[in-house]
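4 protein chains.
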Amino acid sequence: MAAHSCQFRVYYEDTDAGGIVYHARYLGFAERARAEALRSLGLAVGEMAAQDDIGFVVRQLSIRYHSPLRLDELLEVQTHLVEAVGARLKLQQVIRNLSCEGRKSVTIDVELACLKLTDMVPLRVPGAYLEKLSGLEIIS
Amino acid sequence: MAAHSCQFRVYYEDTDAGGIVYHARYLGFAERARAEALRSLGLAVGEMAAQDDIGFVVRQLSIRYHSPLRLDELLEVQTHLVEAVGARLKLQQVIRNLSCEGRKSVTIDVELACLKLTDMVPLRVPGAYLEKLSGLEIIS
Amino acid sequence: MAAHSCQFRVYYEDTDAGGIVYHARYLGFAERARAEALRSLGLAVGEMAAQDDIGFVVRQLSIRYHSPLRLDELLEVQTHLVEAVGARLKLQQVIRNLSCEGRKSVTIDVELACLKLTDMVPLRVPGAYLEKLSGLEIIS
Amino acid sequence: MAAHSCQFRVYYEDTDAGGIVYHARYLGFAERARAEALRSLGLAVGEMAAQDDIGFVVRQLSIRYHSPLRLDELLEVQTHLVEAVGARLKLQQVIRNLSCEGRKSVTIDVELACLKLTDMVPLRVPGAYLEKLSGLEIIS
Numbered sequence: 018m019a020a021h022s023c024q025f026r027v028y029y030e031d032t033d034a035g036g037i038v039y040h041a042r043y044l045g046f047a048e049r050a051r052a053e054a055l056r057s058l059g060l061a062v063g064e065m066a067a068q069d070d071i072g073f074v075v076r077q078l079s080i081r082y083h084s085p086l087r088l089d090e091l092l093e094v095q096t097h098l099v100e101a102v103g104a105r106l107k108l109q110q111v112i113r114n115l116s117c118e119g120r121k122s123v124t125i126d127v128e129l130a131c132l133k134l135t136d137m138v139p140l141r142v143p144g145a146y147l148e149k150l151s152g153l154e155i156i157s
Numbered sequence: 018m019a020a021h022s023c024q025f026r027v028y029y030e031d032t033d034a035g036g037i038v039y040h041a042r043y044l045g046f047a048e049r050a051r052a053e054a055l056r057s058l059g060l061a062v063g064e065m066a067a068q069d070d071i072g073f074v075v076r077q078l079s080i081r082y083h084s085p086l087r088l089d090e091l092l093e094v095q096t097h098l099v100e101a102v103g104a105r106l107k108l109q110q111v112i113r114n115l116s117c118e119g120r121k122s123v124t125i126d127v128e129l130a131c132l133k134l135t136d137m138v139p140l141r142v143p144g145a146y147l148e149k150l151s152g153l154e155i156i157s
Numbered sequence: 018m019a020a021h022s023c024q025f026r027v028y029y030e031d032t033d034a035g036g037i038v039y040h041a042r043y044l045g046f047a048e049r050a051r052a053e054a055l056r057s058l059g060l061a062v063g064e065m066a067a068q069d070d071i072g073f074v075v076r077q078l079s080i081r082y083h084s085p086l087r088l089d090e091l092l093e094v095q096t097h098l099v100e101a102v103g104a105r106l107k108l109q110q111v112i113r114n115l116s117c118e119g120r121k122s123v124t125i126d127v128e129l130a131c132l133k134l135t136d137m138v139p140l141r142v143p144g145a146y147l148e149k150l151s152g153l154e155i156i157s
Numbered sequence: 018m019a020a021h022s023c024q025f026r027v028y029y030e031d032t033d034a035g036g037i038v039y040h041a042r043y044l045g046f047a048e049r050a051r052a053e054a055l056r057s058l059g060l061a062v063g064e065m066a067a068q069d070d071i072g073f074v075v076r077q078l079s080i081r082y083h084s085p086l087r088l089d090e091l092l093e094v095q096t097h098l099v100e101a102v103g104a105r106l107k108l109q110q111v112i113r114n115l116s117c118e119g120r121k122s123v124t125i126d127v128e129l130a131c132l133k134l135t136d137m138v139p140l141r142v143p144g145a146y147l148e149k150l151s152g153l154e155i156i157s
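Residue numbers (our numbering), protein chains in the order written: chain A, 18 to 157; chain B, 18 to 157; chain C, 18 to 157; chain D, 18 to 157.
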């Protein structure tokens, strides 16, 4: 099974006066990629919210910066499932620089909590969701 | 009567790879300044939303860029009332570079619409609000 | 000749607590679209900077908000050339909501200045650039 | 010795459609606070870059989300030094919600690398900098 992968371009809005991508922007790319990974499994964030009153929020996140991305470069985000237990989902995301031979740029480990949105209370990830999430490549 | 004025610092998050403040960030500084101007008049955006179900959204905006701001510089936003008619509020905001003798950086003309938030319908600016808004210096 | 068109998705990073896309984010979408329009003509922003020491900065911009975009919606930015004279380039960009029958969301009129990047001095748009820019649909 | 502390307000630009501060924005608040902490010690980021060709970049960062911040709330960032060894600086930053009895919102552990900016090569933190940095409260 392949990891979910999607690509984004670096624009001026992503860079800072150091001439490289601003460190917090990688979290934005990763969030876009999680949304696309979920959408590809039939779990679009807008529909989850509207139909099921369910959302995923970030509980914990760590990011290691290996090499910076620069203006105009093309990047790929690979999203892997690490585990799904109770109300928690752990993912690993790797961002690579496709304009530089796929060099690894950052590694992100993120733990999400499944929430009932109206009252922001943690919720066991529904079985139907788990089934769909099993479509993500699992690494450990 | 003095215009409402507040100050912000330029951080890396505000800059881009051109070494200057990213052009869309000035709209963020202006929004912060509008929130502070309203708060100083007793109209905090959070309270307006929670207590009165009222918010102001941007309908139209134009911005002229006179000279760029850079990392670490201190800026001042002056907010003036141009007019308040029906559901519309027109403001002019000038951003100056306090790290560079107060040189004018951008001029923003913005037209806001007053909305009932639950159904996003335009709403005549309430009289009690107009009275408070009269505390802003008027230019024309 | 068709206008240059490209599509982007709305993610959480683009929205605000009003439940809609934050008003300054439309300028980010428009900047991405200008970069893609230029790239499609052989004028990638990174190469222009590195090879020719040339960049385009925003001098003036006005934006009208017709209807808000929301989380997860797909948008299209159409970029038209209005005129290219001396060091100035005028573009009009229209953002439409493809998740809502192509409804017009915002209209942006933007004036760019061509600059020599090392000293930030205005520069007449080079003839080779003008030739490439003629590939953009012209409206007036 | 007291930790360095500074305060910021939450504006619309910081929030997302979930009604809370967007998860990556906390990194922006933390970066602002590091810049202010360094400035208070006589190490303004702009001057370090211009005079000493020195900058600090983020090598690694982890963030735990305890409770969300919302529109209009006032937050405090406390910045502590954990250790400074060779080219590395470790800081811990805690963000508290002053609009909610100082409730802890996030904890950030960040490792910075000192770089010579022209060639982006790691550089042992200069002795004069270490002396100034000793003005930050140390926790372990």
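Treat the hints as calculated values from the structure; they're not laboratory data. Only a predicted model underlies this, so the values are computations on that prediction, with no experimental measurement involved. Every residue gets a Cβ at the ideal spot worked out from N, C-alpha and C, and that includes glycine. There could be a bad hint or two in this list.
[Stated by the list, open to error] When the alpha-carbon atoms are kept at most 20 Å apart in a straight line, the in silico SDA-like pairs for lysine to any residue are as follows:
hint, chain 1, residue 1, chain 2, residue 2
1, D, K121, A, Q95
2, A, K107, A, R120
3, B, K121, C, A130
4, A, K133, D, V75
5, C, K133, C, P85
6, B, K133, B, R87
7, C, K133, C, V102
8, D, K121, A, K149
9, C, K121, B, R76
10, C, K133, B, R87
11, A, K121, D, V75
[Said to hold, decoys possible] Only part of the chain D face toward chain C is listed, based on derived beta-carbon distances under 7 Å:
hint, residue
12, T32
13, G36
14, E90
Any of the earlier hints contradicted here, and which numbers?
Of the numbered hints, 1, 2, 4, 5, 6, 8, 14 do not hold.
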